Amino acid sequence: MERLEHRLKAVSLGLSLAAGWALLALAIWIVVNVVLRKFFSISFQGVDEYGGYCLAVVATIGFAQAAFDRAHVRIDVVTRLLPLPLRAIFDVIALAALSFMAWTIAFRSLNVAMTSFGMGALATSPLRTPLVVPQGIWAAALFWFCAVLAFQMLYALVAIMRRDWLGIGERLGVPEIDQEVEQELQAARFRMGLSAKDEKGAHS
Amino acid sequence: MMLGILFFAGLLFFLFAGLHVASAIFLTAYVSDALTMGVLPSMVGNITWNTMNEFLLVAIPLFILLGELLTRSGVADRMYRALAVWMNWLPGGLLHTNILTCALFAATSGSSVATAATIGTVAQPTLKTLGYNDRMVLGSIAAGGTLGILIPPSINMIVYGALTNVSVGKLFAAGIIPGILLALTMSLMIVVMSIWRGGASERKEPTPALVARLRLLINVLPVLFIFLLVMGSIYLGWATPTEAAAIGIVGALAIAAANGTLSVRMLHEAFLSSVRTTAMVILVITAAFALNFALSLSGLPQQISTYIRDLHWSPMVTIWVLVLFYLILGCFLEAIAMMVTTVGIVVPLVVSLGFDSLWFGIFMTLMMELALITPPVGLNLYVVQNIRITKGNINDVFIGVVPFVVAMLIFVAILIYFPGLALWLPGKLF
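Residue numbers (our numbering), protein chains in the order written: chain P, 1 to 204; chain C, 1001 to 1430.
Read the hints as simulated data drawn from the structure, not as lab findings.
Hints should not be assumed to be uniformly reliable.
Simulated coverage check for chain C against chain P, where a stretch passes if three residues somewhere in it have a Cβ under 8 Å from a Cβ of chain P [said to hold, decoys possible]:
| hint | stretch |
| --- | --- |
| 1 | 1012–1019 |
| 2 | 1246–1255 |
| 3 | 1283–1295 |
| 4 | 1328–1335 |
| 5 | 1359–1370 |
Computed from a predicted model, the values in this text were never measured in an experiment.
Ideal Cβ placement from N, Cα and C applies to all residues, glycine included.
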């Protein structure tokens, strides 16, 4: 089970980094487009359209990554007062509700994509992109999110049977603010280290 | 009215049971739709696609990425040191630098948490060495950080604009003057507190010669450069907010390259963080659009508007009731969640009372800033507590932030009685 978790996380990480590069590429493309439009009066079609598709896919890939990193916000003022086993149960209930949302949207997205395919729907843009392509990728990414949630649910059910409350807390619980800040701190140390280094470089 | 009470009770129940904010909103939408029209299941696929495919919302990941890149580029550290030598003559000394650096960094960052974390990390070592009052330091950083969402660009304003069809460009313009004035109000509060506490207990560093101080100001230029690039391209009509964000990213890459902080590792960290935050925000927004769809069909916003109108409160009384409502709600809800769950009902109400939805966007942003620094759920408080380098309980942060909560409430009152502060600049520019 741990090995499967490891694999899934690796896939999610890879997808997220690819999404990041896609975002950067989109930004550069947009800038090129603005410059060409402003200074050379050349206008490419489709930046808006592809930007929209990019958001849909990037965000959906992020859904799964955020599920692993417990980045989807929850409010724990009440639940953090509970003893550990009860808190773990609430974590599982929350996961079930999130799964309901994910599966609902995923099946509906498949519907949307299939309808577009059935009608041969084209985007109402000069590029006339067959809508089934972006919608299909989007729907696939949503099912990937569902798969990750399903895995987490499976893990949680096994953990409940083992009475492994800490294991649930670690994977599903609201991240202790400490951990969240530890991440911020690492980022801060990283850049402080860098800037201290290049100042030393400047002096020497 | 029954339905309204049920609706809020249900939503609060789901949220406090610790469901994810997105699924709590989504479930509320589903349940209230099932009780009324029952059309949401057939529409939710299209609603989700249209939300996630919206070019305006593409600005969200781009502004998040811009902030992540700038945070890692080292501009904040340099800027802080440059401004410190200019501010230390004021009563309260370097505490003003905290506010000013936050305000300037906010002008390139769309997030309050990122602003507080970045400036807090940079500022604390110096302030500790010089013996500044711990609580004031923590409070000024937590509160100054909230300027991140008021001074444009602002992720929260993009979300508000998307939900209410108010122009994001106008919202950005409307945030500038209130942002500057709120920073000044906070600084004024620092002066008052310093005088009240009687003289300076902290040591002062010797001020360098004028030429050296002027030379240090070069370090403020990168941030101004990004701000002018982003805002300028919007107001000269060269770019939409989304395109301006992309221009900012390219500018930030250039600055990081010039500072020698650009690397694949740095990019990957920024990517991962951006994708994660984007996903979180977009999932909440998607749920909010489903909720707004269900709400608009249920007729609940109209019912509540009618109900409140029958109470015969004057518009001013109503707005002060809303201040109280959001102040309480903000103690327990996360800022974006507080906005997306309420605008569908509250914006039609205030518009029917004669308020401008653009002005209300700025009002809403101020209430979100307060939500970020009011315990027990105020994200900035925890960010600051966890990056603090002195030892102590989180109560120090809670106490330290009180003067700034007062300052913000004073500013809320000013904004209510002088709405022109928000509306004048967008009126001039557009």
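Worksheet item: Broken hints, numbered, in rising order?
Response: 5
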